[in-house]
Amino acid sequence: MKGQDAVNDLLSRTKAIVETIVDGVITISDHGLIETVNPAVEKIFGYRLDELSGQNVSMLMPNPYQREHDSYLSNYLSTGEKKIIGIGREVTGRRKDGSTFPLELAISEMEVNGQRMFTGIVRDISLRKATEEKLRELLTRTKAILDTIVDGVITISDRGCIETVNPAAEKIFGYRLDELSGKNVSMLMPDPYRHEHDQYLKNYLHTGEKKIIGIGREVTGLRKDGNTFPLELAISEMEVNGQRMFTGIVRDISERKETEEKLREAMRRVHEQRIKDEFIATVSHELRTPLTSIKASLELIIGKAVAKGSDQEKILITIAHKNSDRLLLLINDILDISKIESEKMKLNFRRVLLHSFLETAISDNQAYAEKHHVKFVLMDCPRKLHIYVDPDRLMQVMSNLMSNAAKFSHQNSQIEIEARRRNDGIRITVRDYGPGIPLDFQNRVFEKFTQADTSDKREMSGTGLGLHISKAIIERHHGELSFDTVVGKGTEFHVDLKQQLQRQGSPQ
Amino acid sequence: MTTCPELERVLYIEDEPDIRLVAEIALRQVGGLNVITCAGGEEGLSLIHDFMPQLIILDVMMPGMDGPQILCKIRDLPEFKTTPVVFITAKVQADEVEQFKRLGAANVISKPFNPMTLADDVRAIWAACYE
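If you read the sequences in order, they're chains A and B.
So in my numbering, spot 196 of the first sequence is number 196, and the numbers just go up one at a time.
Counting from 1 along the second sequence, just add 508 to a position and that's the residue number in my numbering.
Hints in this document: simulated from the structure, not taken from any laboratory.
Possibly wrong hints are sitting among the right ones.
Claimed, not checked - DSS-like cross-link-like pairs, simulated, lysine-lysine; straight-line CA separation at most 30 Å: (1) A:346 - B:599; (2) A:346 - B:609; (3) B:599 - A:344; (4) B:599 - A:276; (5) B:599 - A:339.
As the list claims (entries may be wrong) - One-sided and incomplete, this derived list gives chain B residues near chain A with beta-carbon spacing under 7 Å: (6) 526; (7) 527; (8) 530; (9) 533; (10) 598; (11) 599; (12) 616; (13) 619; (14) 620; (15) 623.
Claimed, not checked - Here chain B is said to cover these stretches of chain A; the calculated rule only asks that three of the stretch's residues, wherever they fall, bring their Cβ under 8 Å from a Cβ of chain B: (16) 277-285; (17) 296-302.
Glycine is no exception: its CB is placed at the ideal position from the N, C-alpha and C atoms.
Okay, chain A solo, but in the shape it has when bound (with noise of 0.2 Å):
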């Protein structure tokens, strides 16, 4: 009797167990027939017992499967070979309402009354898999967001040896995946940073005391082939499965850094020119008011509106009259190169008609062909073709050309000068028949403060900034300023201008 309670007792309570946990038991017959199921199964499967028992297990599995199971059990019976049984597996399971799902099944042999039986256990396992998936796909994502990114990522451990490293990291570098797995990170890093690595990292983890993590900053990178370069680095801490470890994220700011240096450079020179471009401004005025009262004071005692001093005086004050000249036109010219070699020359361009612009010319530098006994002619000149040029610097040019021809042309010569059409522009000659540039001083022309000895020192006034800055004058016109000469013979000045022809209206 008390045998027979332990017996009802044990069944109860593997009774109980059987209908509470959340697995499906269900056994079978050798035949593979549904002998008993729990209420697990019932809710698994959409199937109630009394619509399940004594029916062929099959039913509760998919085709092709559901085919295949008979055959299976008898091959199993005859053969003895297990596929499922004692081992377990995945498989796919069918509910009533047709609707399949992922099951792990575990199924074991037993022998009840001489009878061969199977129990299997199963558990669905829809939602694992769904979480399962759902992973999956987020390392995906993130191993693609890691592959593509342009930003380098390393993983550390607290003792500072690579774990993982993404493909920019390795670009950025110039390692291999296989060269920086479980090496010291320090590697990455130039001296003395490389030696202070290991002592900072254990000091962090120690102290607690952070220099970067969290923070991010710039620092100094170590390339396989040795070159150093400039990154960003923000380093943040994480844990995995207990381990606390380290991301780095690394961007190579070489490129970023240039273009800021760049950009300071530029804007230092802008700097340094407008002090300088203040200064000259200044530098002027200030040398031109001295020279205002000297030259002023000067002329008056010359043009006799002060009282008359004696010959030597007046000889006297003629030769530092002529240098308050010369100095005047010195500051002007100095000021013209400080222009243009500061690219501030404006040039006022206005359409004027060429040949009464040779005229002017002409009539302007008049001064100078009375001082040298010389005689500017208009040669050839088209009448109604207008230029479109700023006057005011084509008619400084025009007076450096024809005074410089007036200093090196014998008396009495005469010099030409004369416009004719040539390919898509127009050329203005200035030709005198001097003694020509002497062949060692022809390649210097145009260089700043030069000038040719003249032989008879009759003149020594020019500044030597003259044809240098006509040239630019011209340059800035897109025209081209040239010369012919032949020693012994004279010389020819060109002004090439181009595009800038105009034709007046038609004339009546």
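Position chain B against the provided structure of chain A, taking the given hints into account.
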């Protein structure tokens, strides 16, 4: 066209004493004008009503009030709304002349000026105002 009256009274404001002196000689002795020179805007404005200049010459760069500022003060005075004002400057460039004219200057004379022709130059500007 208005008939051009004779120019007689000229006020010249200039901070440089040497330039003041040569300009005075140039305008008075060479040019025969009745000229008063003074060193700055305040002095000039203090005597402008007594002197009643027909034309005013202003240096551009001066400590304190500069030329353009003095021009503004002069234009605030009802009697001098249209009085010709000439700037005289050592810092003259082609585009600056236009700028000074926009400020209301009749014209600009550059330094160094020619003292023998200064009065004639001023008279020419004066005459141009009546053209």
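- Item | Violated constraints from the hint list, given by number and in increasing order | As far as the earlier hints go, only 12 is violated by this structure.
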